[in-house]
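J.: For reference, the chains in residue letters:
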Amino acid sequence: MEDLKLHGFWYSPFTMRVVWTLKLKGLAYENIEEDRYNKSPQLLEYNPVHKKTPVLVHSGKPICESMIIVQYIDELWPQNPLVPHDPYDRAQARFWVAYSEQLVPALPALIRSTTPEEKEKAVEMIWGNFKVLEDHCLADKRKFFGGDKINMVDLAIGSLLTVFVTAEDIKQVKILVAEKFPLIHLWFDNFKNAPVIKENFPDREKMVATLKPIMERMLASS
Amino acid sequence: MGSEDVKVLCFWASPFSIRVEWALKLKGVDYEYIEQDVFNKSTLLLELNPIHKKVPVLVHASKPILESFVILEYIDETWKQHPLLPQDPYQRAHDRFWANFAENKLLYASFIAMVATGDDTEKALNVARDSVEKIEQEIKGKKFFGGDNIGYLDIALGWISYWIPVYEEVGSMQILDPLRFPAINAWMTNFLNHPVIKDRLPPRDDMVAYFHTRKKIVSPTYHDLMKYL
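Listed in order, the protein sequences are those of chains A and B.
For what it's worth, full-length UniProt numbering labels the leading residue of the first sequence as 1, then goes sequentially.
For what it's worth, full-length UniProt numbering labels the leading residue of the second sequence as 1, then goes sequentially.
Looking at chain A on its own, in the form it has when it is part of the complex (with noise of 0.2 Å):
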């Protein structure tokens, strides 16, 4: 029985993506849900640095960033392996999901808009980085970015896109276009569907309910 504790926010796409690669791998921990507004001192003893979720806790040692966390986890337990064998698939799957960063900035941007210009310019900063996804990395009409099986980039971007599709409803704008970008949509069916996955996929409805106030006081914040 390994010793796993997880601090993070259920509806936070960083923190999903911990929770699914333990699911994928079949590993029991302690799920720790920690208050944004109210971090336990342990969460800010593990993470001095930057004080954020998600943080793994082994047998007493933190490893912290979301995808270190999901790359130490595969290191150990090579089951369901979520990184590639071969050192050159393995650097273009690190490529794209250093790429995924580039997602990141527009949840903020999101946040922050309220009239239909901010919004609109939200969009367009993610349908950019969408574009570069359906034409460079799902051009070979692939079912899931790691092939037949998730891989890590899967888990990536198919964490960032649960959070946009949240702030679709909340934002009231489209962002996942099926017209405009057919693989990636036809993608996150795919993904949200995978086994494990739809298991543990968190509900549209209780994600609206929870993030709409934490985005709304974010704004009120900025």
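Only true hints are included.
With a Cα cut of at most 25 Å, we get these calculated DSS-like pairs of lysine-lysine:
{"no.": "1", "chain 1": "B", "residue 1": "LYS54", "chain 2": "A", "residue 2": "LYS131"}
{"no.": "2", "chain 1": "B", "residue 1": "LYS25", "chain 2": "B", "residue 2": "LYS198"}
{"no.": "3", "chain 1": "B", "residue 1": "LYS7", "chain 2": "B", "residue 2": "LYS41"}
{"no.": "4", "chain 1": "B", "residue 1": "LYS227", "chain 2": "A", "residue 2": "LYS171"}
{"no.": "5", "chain 1": "B", "residue 1": "LYS63", "chain 2": "A", "residue 2": "LYS149"}
{"no.": "6", "chain 1": "A", "residue 1": "LYS131", "chain 2": "B", "residue 2": "LYS41"}
{"no.": "7", "chain 1": "A", "residue 1": "LYS52", "chain 2": "B", "residue 2": "LYS123"}
{"no.": "8", "chain 1": "B", "residue 1": "LYS198", "chain 2": "B", "residue 2": "LYS7"}
{"no.": "9", "chain 1": "A", "residue 1": "LYS180", "chain 2": "A", "residue 2": "LYS131"}
{"no.": "10", "chain 1": "A", "residue 1": "LYS23", "chain 2": "A", "residue 2": "LYS198"}
{"no.": "11", "chain 1": "B", "residue 1": "LYS227", "chain 2": "A", "residue 2": "LYS52"}
{"no.": "12", "chain 1": "A", "residue 1": "LYS131", "chain 2": "B", "residue 2": "LYS63"}
{"no.": "13", "chain 1": "A", "residue 1": "LYS51", "chain 2": "B", "residue 2": "LYS123"}
{"no.": "14", "chain 1": "B", "residue 1": "LYS7", "chain 2": "B", "residue 2": "LYS27"}
{"no.": "15", "chain 1": "A", "residue 1": "LYS61", "chain 2": "B", "residue 2": "LYS142"}
{"no.": "16", "chain 1": "B", "residue 1": "LYS215", "chain 2": "B", "residue 2": "LYS227"}
{"no.": "17", "chain 1": "A", "residue 1": "LYS206", "chain 2": "A", "residue 2": "LYS119"}
{"no.": "18", "chain 1": "B", "residue 1": "LYS134", "chain 2": "A", "residue 2": "LYS51"}
{"no.": "19", "chain 1": "B", "residue 1": "LYS27", "chain 2": "B", "residue 2": "LYS80"}
{"no.": "20", "chain 1": "A", "residue 1": "LYS174", "chain 2": "A", "residue 2": "LYS212"}
{"no.": "21", "chain 1": "A", "residue 1": "LYS39", "chain 2": "B", "residue 2": "LYS134"}
{"no.": "22", "chain 1": "A", "residue 1": "LYS141", "chain 2": "B", "residue 2": "LYS63"}
{"no.": "23", "chain 1": "B", "residue 1": "LYS134", "chain 2": "A", "residue 2": "LYS52"}
{"no.": "24", "chain 1": "A", "residue 1": "LYS121", "chain 2": "B", "residue 2": "LYS53"}
{"no.": "25", "chain 1": "A", "residue 1": "LYS121", "chain 2": "B", "residue 2": "LYS227"}
Simulated from the structure, these hints should not be mistaken for laboratory data.
Got chain A sorted already, so can you dock chain B onto it with the hints?
T.: Positioned in the frame of chain A, the structure of chain B alone reads:
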């Protein structure tokens, strides 16, 4: 492995492409150095890195690998001599964390401090110095981040030892105060004196001239960079 097998697209003043060279040299891997004019990008660069259009690009047996940290791990996995990343997964996670930290916090902050003016310079300097303070704790008591030998984190952070002093000169500012940060200063000396590293540094005068020009060009629009702090 012949040098025709490995090519690296670099820019002489880039802290990113030099990492790739350091890693290859430490492992004794021959490579063809291909200088890129990043202000007038070649067809080759645009072909190999159409998404970001940036250096470095490692080309191994005709296959391109992009992003300097991704390239470092690829090099370490392909050529096993002089291992760069630690074996232990927890230590690997540690190194990756600090490489990202320095990249996201210190790299932008130190460059912004060099090109900004007034209060914004102070703001950037504070972020930079806070970051150095945290890195100081990690290097205390060690010759290199990798222990007795240069490792992944030394290469990932190596730019600090040579680029920041240039930024300090060009920006007439101080980030790496030797009194406040003795451990990191000692590490810088160790790193720059390593035979492989010493042999592969761009000329200091050229660097200073280059970054003076960069400062003149970037300063008018430095506000665009403040969001990276």
